[in-house]
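One-letter residues, chain by chain:
Number of protein chains: 2
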Amino acid sequence: MNSPIYQTEDTICALATPAGTGAIAVIRVSGTKTYAMLEKLFHPYGNIDFSAIESHKVVLGQLLEKDKPVDEVLVTKFTNPHSYTGEDVVEISCHGSWFIQQEILRVLMDNGCRMASPGEFTLRAFLNGKMDLSQAEAVADLIASNSATSHTIAFRQMRGHFSKRIQQLRAQLLDFAALIELELDFSEEDVEFANRDKLIDLLDTMSTELTQLIESFAMGNVLKNGIPVAIIGKPNVGKSTLLNAIFNEEKALVSDIPGTTRDTIEDVLVIDGVSFRFIDTAGLRDSDDTIENMGIERTYEKIRQASIILYMFDAGTPQEEINETITEFREKIDDNDKRLILIANKIDLLEEIPHNFKNLVELETLFVSAKRKENINMINETLLKSVSVGVEEANQSVVASSRHYQALIETLKSLEMVHQGVHQNVSGDLLSSDLRAALHHLGTITGEITNDELLGNIFGRFCIGK
Amino acid sequence: MNSPIYQTEDTICALATPAGTGAIAVIRVSGTKTYAMLEKLFHPYGNIDFSAIESHKVVLGQLLEKDKPVDEVLVTKFTNPHSYTGEDVVEISCHGSWFIQQEILRVLMDNGCRMASPGEFTLRAFLNGKMDLSQAEAVADLIASNSATSHTIAFRQMRGHFSKRIQQLRAQLLDFAALIELELDFSEEDVEFANRDKLIDLLDTMSTELTQLIESFAMGNVLKNGIPVAIIGKPNVGKSTLLNAIFNEEKALVSDIPGTTRDTIEDVLVIDGVSFRFIDTAGLRDSDDTIENMGIERTYEKIRQASIILYMFDAGTPQEEINETITEFREKIDDNDKRLILIANKIDLLEEIPHNFKNLVELETLFVSAKRKENINMINETLLKSVSVGVEEANQSVVASSRHYQALIETLKSLEMVHQGVHQNVSGDLLSSDLRAALHHLGTITGEITNDELLGNIFGRFCIGK
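In order, the protein sequence lines correspond to chains H and S.
Using this note's numbering, you'd call the opening residue of the first sequence number -18 and step up by one each time.
Using this note's numbering, you'd call the opening residue of the second sequence number -18 and step up by one each time.
Do not take every clue at face value.
Which copy is meant is left open, because identical chains are indistinguishable; a pair holds if it fits in one copy or across any two.
As the list claims (entries may be wrong) - Keeping only pairs whose Cα atoms sit at most 30 Å apart, straight-line, the calculated BS3-like set for lysine-lysine is:
no., residue 1, residue 2
1, 49, 21
2, 111, 47
3, 145, 49
4, 49, 111
5, 352, 145
6, 319, 394
7, 394, 366
8, 366, 38
9, 366, 49
10, 47, 145
11, 38, 111
12, 38, 49
13, 47, 14
14, 366, 47
15, 313, 366
16, 21, 111
17, 14, 38
18, 49, 179
19, 283, 319
20, 394, 145
21, 21, 38
22, 352, 394
23, 354, 319
Calculated from the structure, these hints are not laboratory results.
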């Protein structure tokens, strides 16, 4: 049997809306037999002939199985190629009982449909040229997006901003590759069709652009998955209270909408559209010892993963002691690429806030009372400020997929080989081989180059019905 | 402030599809400002003017908030009165990320929408005369339906079969009431506009019909909520093993469809479209004592709720002992309206099945091995046979709502008063008062008579978005 990935002869069906009970649910059917199947099962009210229904027109009627009504439904035809998959598609909007949803799927399957595999509708859209591979991946990212920035990145990628640029670069490189291969055909005559200076220019432009994209991944990845934040400090300094205070402030905003569970916001906090992922440093939190002495490498490992560290201490601690502790801590972790923010807690116990503190430790210090929820909004603002560059960048082309990141690095490597080759005046054969490698890696991003395994990996991540 | 129940000036929005993440989600907007709002927010591709989009036509475009894309969506206008609510409605089909769903709802609310209360779309459909109250209730039942019979009952009720008959009967009664009230206006003249013989005829017809409907409730209620089945018997007779065997046989069928949880089938088993609700008689099951001696009234109470009792015993028990036990048991429970079926378990331990058994106890006896899953299908068939009449009845008008049941009983009572009154030749005043009471109760079923509290009770049961 063929790999199901390429099985596009079948007519497939799946639930398109979330599993469960709702007011309505939508079932999607796609494939060559869609219309024949629905013509038999769907009976529009008002004696309308199914074949006479125009594309994109919503029609009310009954879905009948052997004259027995399965449900009263709204049916919409999307005639190829003007559909999501590029095939004939029908969307059935039915009553949202789980029983009815099952029944309609059963009836469709009894009439020749196959249940769609995960991502199979989008796979067909890709195979039918409705979108390239990077756009298809963005659909999955869009569905998984949980913050304004991850949503913006996915949305831009889905609209094709990134793909278009990659395709343009690839097309230019392809021209050169073709010329160099042409030289090979005339190798006896020692001609040079491909202008080496122009090739070097293109290689330079591409390297600069690819390097920018590769560098954007660090930001893209954290914007997509949440910026890692660690709250650390000695026991009883109030870390849990602070975490609760931070989450409580925001919780009300989120739980306005029914169905948002506490689970999803306990780890990730979205402030003004940017998600912050709080790293669990429980080992450190529960330790009876000071951070300098705990010696648990695993906890340090977690701290190293953080982009932002909130270092918490008791505001009443003597300033020299803090200074010493922080200096030691900074030596232990490489904090060059991190933002270290000090949180002086328990200001409710102080008579006045020590003004000269900042000069001592040379780090931004926020004075708060986690218990009384005083100045908690300052922490949110500071977290946001720490990534303000990133939020802007989300409006540029940002690489947020590790697959694209890997492919860009491989492309850059091959281009550097080409660059060296031109300088060293190597043979057209070698140049051509490196150019082909670069074209290959670049092509995997948009799906001009692809294979079963790659497609399987990408579409396997999708939910069924998309 | 007015009761939100009648607040129909607002434009409302809600998620129509189940909460969660899916390929797509649908958000519904209804009210006078729907089109003005969407004209501002929705930007169709291809420079189409929003106002030029015809009703029921699906259009692709972007939902923008201050030029920033919120999502790429499909939008469908349903122009009043050709919509679910009878108002201007727009359905927005968006990417199924929970974040996007929240965002779109937020944008709609920021632009003047109010989040719909539970059932508010259907309430508006009722207030705008798109359906009567009994049909509206059927929508909620349809969404909650979990078997073919509960689905059939709700579907028929939604299509209006039951309402139409109730309305016809009420209209006929209303004619008589009007004539009798006319007599009151001419009371000085002692005229008789309303023919008393014809009234008696109508009352007889109505009483017969109402009685049938009232009687159908016992069946309608169990078909809707599941036919209660109790498995009882001495400890270690194999009740749990049997329950597992019964559920395992059917489980495979149900779990074909992803998302069906074990929870939903542990208590209710659907055989050929009919649901059986297995009553927990744990107290009895765990008892170390025999059923005759357990004396726990609560357990007997549960047994009394059952329509079908599966009485289980060890097939090796001496037949006289069984006979005695069963006779005693039948004396303790009133089994006139119940079906008592004997299950002789552990036939795997017997050399041969005692053929003369049935004659002894005069009850259908099934010989099974729960452990080896032998003859389990016989139990399913017997359960189904026990309600075969009921399944047929589901195709008739069946009362499945306790609210309707109560209203029918009250109507019948009032009609009997009218009947008596006519025979006793009471004054038109008294007749008229009883007729009005009957008309009132009958009117509450279809919603010709209604009030805030009634509507609140009914639509409060709905999910948000319907």
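Checked hints:
1. Taking identical chains as interchangeable, the C-alpha atoms of residue 49 and residue 21 lie at most 30 Å apart only when both belong to the same chain, with a minimum of 13 Å there against 43 Å between chains.
2. For the identical chains of this complex, residue 111 and residue 47 are inter-copy neighbours only, at 28 Å across copies versus 36 Å inside a copy, given an alpha-carbon limit of 30 Å.
3. In this assembly of identical chains, the alpha carbons of residue 145 and residue 49 lie at most 30 Å apart only when taken from different copies (20 Å versus 51 Å within one copy).
4. Proximity of residue 49 and residue 111 under a CA criterion of 30 Å is satisfied inter-copy only: 24 Å between copies versus 38 Å inside one chain copy.
5. In this homomeric assembly, residue 352 and residue 145 never come within 30 Å of each other (Cα to Cα): the closest approach is 52 Å inside a single copy and 64 Å across copies.
6. Taking the shortest Cα distances, residue 319 and residue 394 sit within 30 Å of each other inside one copy (28 Å), while across copies they are farther apart (80 Å).
7. Taking CA atoms no more than 30 Å apart as the test, residue 394 paired with residue 366 passes in neither setting, with 35 Å inside one copy and 74 Å between copies.
8. For a Cα distance limit of 30 Å, the shortest separation of residue 366 from residue 38 qualifies neither inside one copy, at 48 Å, nor across copies, at 45 Å.
9. Within a single copy, residue 366 and residue 49 get their C-alpha atoms only as close as 62 Å, which misses the 30 Å cut-off; across copies the closest is 22 Å, which meets it.
10. In the homo-oligomer, the alpha carbons of residue 47 and residue 145 lie at most 30 Å apart only across protomers (25 Å), although the nearest pairing inside one protomer, at 50 Å, exceeds that limit.
11. When the C-alpha separation of residue 38 and residue 111 is checked against a cutoff of 30 Å, the pair qualifies both within a copy, at 21 Å, and between copies, at 22 Å.
12. In this assembly of identical chains, the alpha carbons of residue 38 and residue 49 lie at most 30 Å apart whether taken from the same copy (25 Å) or from different copies (28 Å).
13. Proximity of residue 47 and residue 14 under a CA criterion of 30 Å is satisfied intra-copy only: 19 Å inside one chain copy versus 42 Å between copies.
14. Taking the shortest alpha-carbon separations for residue 366 and residue 47, only the inter-copy value of 23 Å comes in at or below 30 Å, while the best intra-copy value is 64 Å.
15. Within a single copy, residue 313 and residue 366 get their C-alpha atoms as close as 26 Å, which meets the 30 Å cut-off; across copies the closest is 77 Å, which misses it.
16. Proximity of residue 21 and residue 111 under a CA criterion of 30 Å is satisfied in both settings, with 29 Å inside one chain copy and 28 Å between copies.
17. When the C-alpha separation of residue 14 and residue 38 is checked against a cutoff of 30 Å, the pair qualifies both within a copy, at 19 Å, and between copies, at 23 Å.
18. Taking the closest pair of Cα atoms, residue 49 and residue 179 never come within 30 Å of each other, the shortest separation being 71 Å inside a single copy and 39 Å across copies.
19. Proximity of residue 283 and residue 319 under a CA criterion of 30 Å is satisfied intra-copy only: 13 Å inside one chain copy versus 65 Å between copies.
20. In this homomeric assembly, residue 394 and residue 145 come within 30 Å of each other (Cα to Cα) only inside a single copy, at 22 Å, whereas the closest approach across copies is 77 Å.
21. Taking CA atoms no more than 30 Å apart as the test, residue 21 paired with residue 38 passes in both settings, with 18 Å inside one copy and 23 Å between copies.
22. Within a single copy, residue 352 and residue 394 get their C-alpha atoms no closer than 53 Å, and across copies no closer than 65 Å, so neither meets the 30 Å cut-off.
23. In the homo-oligomer, the alpha carbons of residue 354 and residue 319 lie at most 30 Å apart inside one protomer (26 Å), although the nearest pairing across protomers, at 64 Å, exceeds that limit.
Comparing the model with each earlier hint shows violations of hints 5, 7, 8, 18 and 22; every other hint is respected.
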